[in-house]
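Sequence order for the protein chains is A and B.
In terms of this note's numbering, the first sequence opens at residue 3 and continues consecutively.
In terms of this note's numbering, the second sequence opens at residue 7 and continues consecutively.
It cannot be assumed that every hint is accurate.
Said to hold, decoys possible - For lysine to any residue, the following SDA-like pairs were computed, each having C-alpha atoms within a straight-line distance of at most 25 Å: (1) A:K132 - B:E60; (2) A:K41 - A:A27; (3) B:K78 - A:A27; (4) B:K72 - A:V179; (5) A:K309 - B:E60; (6) B:K80 - A:P123.
Please keep in mind that the hints were generated in silico from the structure rather than gathered at the bench.
Just so we're clear, the structure is a prediction, and the values are computed from it rather than from any experiment.
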Amino acid sequence: MNGARAIVKALEKEGVTHIFGYPGATIAPLYDMLAHSKKIKHVLVRHEQHAGHAASGFARISGKPGVCMVTSGPGAVNLLTALATAYADSIPLVAITGQVHSSLLGRDVFQEADTTGAAEPFTKYSYLVKDTAALPRIVKEAFQIASTGRPGPVLIDIPVDVQLAEAAFEFPAKAPVRGYGVPGKAPAAQLTKFLSVLKGAESPLVCAGGGIFSSHAEKVFTRFVEKTNIPVVTTLMGIGALPTAHPLNMGQVGMHGKSTANDAISEADVLILMGARVSDRAVLLPDKVKRKTKIVHIDIDPAEIGKNLDTSLSIVGNLADVLRQLLERKLPVADDAWAARLTRMKKARATDYTDRARAVNPKAFVNYLSKKIPADYIYCADVGQNQLWSAGNIKLPEGARFLTTGGMGTMGYAIPCAIGARIAAPDRFTVAVCGDGSFQMSLMELATLKQHEVDIKIVVMVNGKLGLVREIQTDSYADNQIAVDLSGSPDPVAIAAAYGIPAEHVRNKEEAFAAIKKLARVKGPYLLAVTVEETESTLAGA
Amino acid sequence: MRHIISALVENRAGVLSRISGLFARRGFNIDSLAVGETDDPKISRITIIVNGDEHIADQVTKQLNKLIDVLKVKSLTHIETTRRELVLIKVKADEKQRGEIIDIARIMDCDIVDASHSTLMLEFVNRPERVDLLIDLLRKYKILEIARTGMVALQKGPDAI
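Produce the complete structure using the sequences and hints provided.
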């Protein structure tokens, strides 16, 4: 069979059900063969970047690598942003790109770009395939590399002639990759050391990151903290590691986090980082962490340990495995007084949910929205003020998910992410929350969700500004506002109408809360525009 | 401080670019990088000299280890090693200077591998400090061009990477 058929067959064998993509000349053979697949559905997006983001949403909900496929040159280069976004958040993707005829490589022919070269910093691994016979094995390897260890995007760049050439199809049952190891359990001696550190702790604290989700450790994580009675703070990527209302959850840390969570970090005598990479936005270090604080870092990626923060003890392993190992041992229980003190602190610092005169309080909006929609919801937050209002005020019940781009902060992520997430879980209520800036970076995808009948709800917070940049200009540049005014933006309701999507614009609390109730029960896509004050800030509060 | 990091890598297209790209991206300063095939033609050995503190050396090792094409990494900084570098130096040598340069070559025990009416080419294999010394001695004369291979090193004794 030809290479294109071999790829489709290999993808089917890997259990792929959906590919998010955009066709073009150099990927035409693969599309030609994909048309005959009964197992794989193709979702045509309206911009290659969103093929990657949709695959990311799909991956984060399905737990399997998301697959995206685009053509060479501009198609591949448009995809790079999504690869960088997935790489920064450790999301497993397999990206397939067409490439020009292999005899023309390096001659700068039409739609030729050095895709593997350009993607190198943003991919866990990449292949420029020269041999058709190698394709099935490469697909096998790519899925294995993308989904194991610290997950990430893997790129397969395939010249058009390699897709067309004939070769025997040999799909290996296993494809061990020399030089690629996957950490699993932690050495017992490290765990013993950890427990002795924990035993002496007066105010231990867990900081949970996105690694909780990457290793599917939610349940075992909850068991661990409940058994040890250790309070938890989370990074942006770790939101939802514990339900918001869990008595041990002290909220999100960092520049845009809760003051209680940040104070907890300063006061902890043992700080246990779990699947968190301690980015500059997450932990204001080293000033916030006392020098005498003992830091224990548990991560699957040895390179993250000690990268941004000196650690007293490092444990390399798969978080879910490590937590299971710990639960088999006798665990010390932290004094209740410490968690109680943090809880009192949290309760004394109330968030501002007061009404606004001629607009909606976005914090109150997010809070109410997250309480009214079905409890197993998927909430995709975009980037900017909307993201911080969402992160700070969402109430996540057990089983709900909060998806956002924490590392790269890519505007326009929420809508395609929600499309992918909903396709992965067609029964789960899915909402994308954007600002009017990020909405305009992804509004072409309204056609995608319409075409493929993807039932997602969209919230657009309208303040006529690039609000977070405006806030930076106000706070750090003497309110010298430049290039943040979004005058000329279209009416989101009219835009939705043009795509045949019902929509509504709300401008005060009563309208907003009524619309949320409607949003929660309406069938099919729905867009809600919410007027927010220009001067609204993102300070997170308690 | 200078760190010596030795790695075994897949001998295939794009690997060197991955490694050098990693160094550039993460802001590591490489003093030298030497690559060559091993006894197994599918595996190359690279020797990297990087300048920086222990934290940098630790990150270089860990980030290299993360690359799938990198099979093994070992820091040789604090291990007894045999270290060698090869240098070719073309130096201006007219009749007056020729004798002095030949004397230097004799003292340093290096070979004269090419000569013209106005130049001599010296070949020298030694520890990098000795190579530096030779270059320093020749600075008095006009050095026309230099090619250094970068250092290679192997751990002494029976242990291998």
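Cross-check of the supplied hints:
The suggested pairing of K132 of chain A with E60 of chain B is violated, with an alpha-carbon distance near 40 Å, which exceeds 25 Å. With a C-alpha separation of about 24 Å, the suggested pair K41 of chain A and A27 of chain A falls inside the 25 Å cut-off, and the hint holds. The hinted pair formed by K78 of chain B and A27 of chain A fails the criterion: a straight-line CA distance of about 40 Å is larger than 25 Å. A hinted pair counts as satisfied when its Cα atoms are at most 25 Å apart, and K72 of chain B with V179 of chain A qualifies at roughly 13 Å.
Annotation: proposed proximity of K309 of chain A to E60 of chain B holds, straight-line Cα distance about 12 Å (limit 25 Å). About 23 Å separates the Cα atoms of K80 of chain B and P123 of chain A, which keeps this hinted pair within 25 Å; it holds.
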